[in-house]
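Order-wise, the sequence lines are chains W, E, R and S.
The first sequence runs 411 to 756 under the working numbering.
The second sequence runs 411 to 756 under the working numbering.
The third sequence runs 411 to 756 under the working numbering.
The fourth sequence runs 411 to 756 under the working numbering.
Since the hints were derived computationally from the structure, they do not count as laboratory data.
Treat the hints loosely; a few may be bogus.
Calculated cross-link-like contacts (lysine-lysine; reagent style DSSO-like; alpha-carbon spacing at most 27 Å) [claimed, not checked]:
1) E/Lys657 to W/Lys657
2) E/Lys439 to R/Lys439
3) E/Lys663 to E/Lys634
4) W/Lys634 to E/Lys663
5) W/Lys657 to E/Lys634
6) S/Lys657 to R/Lys714
7) R/Lys663 to R/Lys714
8) R/Lys683 to R/Lys663
Derived Cβ-Cβ restraints for the label pairs, each shown as a range [unchecked claim]:
9) W/Gly490 to S/Glu684: 31 to 41 Å
10) S/Glu684 to W/Gly578: 36 to 46 Å
11) W/Pro711 to E/Glu658: 27 to 37 Å
12) E/Ser553 to R/Pro602: 17 to 27 Å
13) S/Glu671 to R/Tyr616: 37 to 47 Å
14) E/Gln436 to R/Glu476: 46 to 56 Å
15) R/Pro533 to W/Gly490: 49 to 59 Å
Sample of chain R residues at the chain S side, in silico, Cβ under 7 Å [unchecked claim]:
16) Gly603
17) Glu608
18) Pro615
19) Leu644
20) Asp710
21) Pro711
Note that the structure is predicted; figures quoted are calculated from it, not measured.
Where is the CB? At the ideal position from N, CA and C, for every residue including glycine.
4 protein chains.
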Amino acid sequence: MTSPLRVGIVGASGYGGGELLRLLLQHPKVEVALATSNKFAGKNVRAAHPNLRGVDLTFATHDAAETTDLDALFLAGPHGTSAPKIRAYLKTARRVFDLAADHRLADASQYPRFYEGWTHPDPELLSERVYGIAEFHREKIRSARLVAGAGCIATSAAFALRPLARRGLIDPDHVVVDSKIGSSAAGAEHSPGSHHPERSGAVRPYSPAGHRHTAEIQQETGVKVSLSAHAVELVRGILSTCHVWLKEDLDEKAIWKVFREDYGAEPMVQIVKERSGLYRLPEPKLVIGTNNVAVGFERDPLSKRLVVLSAIDNLVRGTAGAAVQNMNVAFGYPETEGLPRFALHP
Amino acid sequence: MTSPLRVGIVGASGYGGGELLRLLLQHPKVEVALATSNKFAGKNVRAAHPNLRGVDLTFATHDAAETTDLDALFLAGPHGTSAPKIRAYLKTARRVFDLAADHRLADASQYPRFYEGWTHPDPELLSERVYGIAEFHREKIRSARLVAGAGCIATSAAFALRPLARRGLIDPDHVVVDSKIGSSAAGAEHSPGSHHPERSGAVRPYSPAGHRHTAEIQQETGVKVSLSAHAVELVRGILSTCHVWLKEDLDEKAIWKVFREDYGAEPMVQIVKERSGLYRLPEPKLVIGTNNVAVGFERDPLSKRLVVLSAIDNLVRGTAGAAVQNMNVAFGYPETEGLPRFALHP
Amino acid sequence: MTSPLRVGIVGASGYGGGELLRLLLQHPKVEVALATSNKFAGKNVRAAHPNLRGVDLTFATHDAAETTDLDALFLAGPHGTSAPKIRAYLKTARRVFDLAADHRLADASQYPRFYEGWTHPDPELLSERVYGIAEFHREKIRSARLVAGAGCIATSAAFALRPLARRGLIDPDHVVVDSKIGSSAAGAEHSPGSHHPERSGAVRPYSPAGHRHTAEIQQETGVKVSLSAHAVELVRGILSTCHVWLKEDLDEKAIWKVFREDYGAEPMVQIVKERSGLYRLPEPKLVIGTNNVAVGFERDPLSKRLVVLSAIDNLVRGTAGAAVQNMNVAFGYPETEGLPRFALHP
Amino acid sequence: MTSPLRVGIVGASGYGGGELLRLLLQHPKVEVALATSNKFAGKNVRAAHPNLRGVDLTFATHDAAETTDLDALFLAGPHGTSAPKIRAYLKTARRVFDLAADHRLADASQYPRFYEGWTHPDPELLSERVYGIAEFHREKIRSARLVAGAGCIATSAAFALRPLARRGLIDPDHVVVDSKIGSSAAGAEHSPGSHHPERSGAVRPYSPAGHRHTAEIQQETGVKVSLSAHAVELVRGILSTCHVWLKEDLDEKAIWKVFREDYGAEPMVQIVKERSGLYRLPEPKLVIGTNNVAVGFERDPLSKRLVVLSAIDNLVRGTAGAAVQNMNVAFGYPETEGLPRFALHP
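The shape of chain W in the complex, shown without the other chains (with noise of 0.2 Å):
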């Protein structure tokens, strides 16, 4: 029996920590050595994570990031903290797995104009890092050094349209994303929008246009996005209704093998698409907690227009559970290890 991994967090008080921390310690190959949180260094990870209870864990300060010998490092901070410090990082830990933006384009000329005008500090890095979906990237990711988490919608929209995009299927002007997700992916610090009798029952258009994971989306599917973003009355999960038209009149089962090909032998990839029933088609409620992707579609009677639906729980495989099977993957654990394979029902 082989020792456990020892595994670090640092800003691990959010809500991406938060999840990390829940799946991190009960995973069987692994010991969390170290969670760090400046806001709340010195005290229990209960004081964050009410959920956590129990557990024997305090928050160090982030500094201490730098001076532990760490297997894996997963950073859970805000963008543009992880940049500046990720030199450092790589060489106490092995293997750093940033959740934060920083790292997600390839291109770097592509963040200024999508993150208000923030240029990387460190291009040349952004070659050698690989973009954090294991379907998409799972050999790179066995070796990398840096796996750059993927944005919440991005994933979600980019499952979706990955597998008729990279076949040059659809037409690539005319692809829209509309996405709905809940609050808890604008993080765990309160605001006037997560004001709860402002936020309760809200269907509200918080991004229609020029949202930041457009640029991500794009990166993985080649095609240009449209991208709208809906907050609704959810606290996890987004489902991504995804508008694209076919070159060709493809049938049914033609765009099934299509998934199929794509996503048949993945473990945690569902292609949701039922005759009959409540859930035919993918929904957030039926993955909240796993780290599945529920992917369908329907054609439109009507027009060449293809309805493919996406969904997924933001905070697993969204942020914390994509990390932890790109963590398994890179280490070789089975892919699926520590990751819940059933949602609640109801």
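Based on the hints, put chains E, R and S in the right spot on chain W.
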């Protein structure tokens, strides 16, 4: 002082009928003379509508509508129940407002296609009836004997698309309407899909393509519409996110002008496009309980896409309130009479 | 025709102030002459109240209330802001309606105990002010210069308990009030506890004992009250479940008689106790947006316990609507004027 | 390595049965050999449980349970279906865990009173069966052939009251249990009361007195219980607020000691009583998906009232999880085996 209008409602026990009762009972120019329900006949209206406690009104059977002289008769039963009786109703009532789908489409040939083979029994009447959106057909409604209530999703989408479409400003082949809808739109009858543990927290693509209301939207806008409808966690309300591509690269000001020309003088249409605050764009929350339509838009800085948003209360503007507005127009009352101006907040 | 009442609101940017505006702007006998907010001074009221879009009214600063002659002045600021200014307000306004807690308690000695040591600066005024529940103190309100708005939980509990308590029918030492409350009761300011991901789905015992409103309920009922308040998933509404023990084994009919005697003639109190249907007993859902109080009860067949239930909308009957009702009483208008009769359903 | 337990579930298509499947399919020591449902016989379990997509298991008919040798058989059908078959099941299965109400009460004479006249067909068995709360009856469960699953509300209330009650510390005649419950507790069948537009936003006193679980709580605590149950906006979860009066004026420390003595060593009971933070006291949110019971309390500074709070997930600790825990006890496995330790947050 003139005597009040004598009005009646056929099929008054459903959610649409209840909403009509709520509005008409408080309308200063109206006396509710008849409310029918075969299921609840002989019982007080509160048996179906617990919010109407204290009202002295008893359900009659449907056939009473064929023998009661009325100024206005509202038909609030399900699709297929109005058409067979409509000639009889037009004899007893001066004006008929049909809230079912039976007279929405001017072109009888569209019915079998969108209503699963249903054939309209009296196509002649379709040329006479008026589509019940007063902002589009006010003059005709003034003198129409039969006004067809618009579908709820159709109403929200048509208000968003019509100003641009009728000016020929948008690509007519790539029009996506992505609608998010509350549970009351499915009616008062319980079903597996309305079971709370299953419906709660849903983001359910229940009609991703081929929705019936597509036909109405196309009729009122002249463009080809790709509609997808999603059930979200909400009892009342619809947000329609309309993704269109502009033929020319119009700037924001030019688009403002288009909407202002069509809606600037309308008391119940709000153009919502703020620079700051939480409610910068239309949201169902802020129209619930009112007959208001909120319309707004955002230009995609990355392409010629324009996102037009439209929010209504499906039971008021989408059903009962629009019918009351049409009644006001038909009888020469102020158009806002009896229609609450402000939604609750929060 | 008489000229409308000139009314003003100090602290009009919170939820209580917004609700007052919504009601007063639609009240047929009222002109809103003043709405103050230091935070929003100079801005249109829609900056704070997005549902009031289209209203031509600008926030003034608070001090304007000391120089504007008004028929009625409503004080809607937080606890502790009314008392220091009250003498000034009583000079400029004929009648003052204080919605804060500053004048709720007749006995000044209760304040330090229930309001964390706060001492009332002007105890003399307490003997003059009237507690603002018209059903209990209608005659005094007619002529009162200063009416103290009742607390929202206190209102719901007092309506449930008072008929039995003032007749001496219940054990005065074992009175449990278990209240369930929506998020709007905590006000318009965001906080960690109002952050949607934390507040959503909550059943949170936020004040299990010692709640401030205990003092008011005891004042109005004369019995010792054990109050526990819970935050539940709801924006508006309160249900108070009052568990009492009857001294004598009264049957249902006898209890009905008690409630009918006190409330049978009240237009805004509903005794809800049905034999069938979903809404057999009071529920917040059916009073939202109205000034109605729903009261009902159930005898425990296993003991002498009686469960009395009471539902209100915390922002209408619990705050703004009760103040409008009191204004109506004070100025001799019909008591229900400007107060919506029916809640939405569903 | 020993071979896994062969287990079966009768009535596996409801919410309790689905939850059992979710837990047992992931239990490392168990093989699910049988799942019955007459309605879904011959279909894959995902027909009833869409979260179990990908599981290779088909529903059998109920009678298969009478002919299949099993180590453990779980009965998850409705009340009244277990008792008539129990002798047959005890022949084919080594241990039977009845989740219905049929064997909860040791005293057969209580059944007609609390179960609308229902008479237990086999009272003899009641003396042998064990009430299925392991923390109360662990030793007996080790060797019991028949373990009766506790009711969900009863479980939450009994954990709150028992430590105080069995020490004689509370007034046994004034014990109020005010419970707030999610919609899943009413089961998988849709009904007028579960229709989303009616159930959403409910704070509904659906059983203000005389609830069946009263009998169980009295059995396990020895005090007379006044129970009221409310449906709140929640799918899963129960909070029971227990209002009791202390005989002596115990301080907080003394009460802590009582709870710590009973629960301090229990891995799945949490005493929750924090000085700060949002989650200072038990809340359903933080136990959803787990078998944990959270218990906490607050002393009323104004009287001898003590408020004891208890939160569980009705489908896990209130049904399926407790049964798995009992199975673990009965077969000598670690008691927490197969039971998730952490809830999701947020």
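**Study point:** Violated hints, by number in ascending order, as checked against the structure
**Key:** When the structure is compared with the hints, numbers 10, 12, 13, 14 turn out to be violated.
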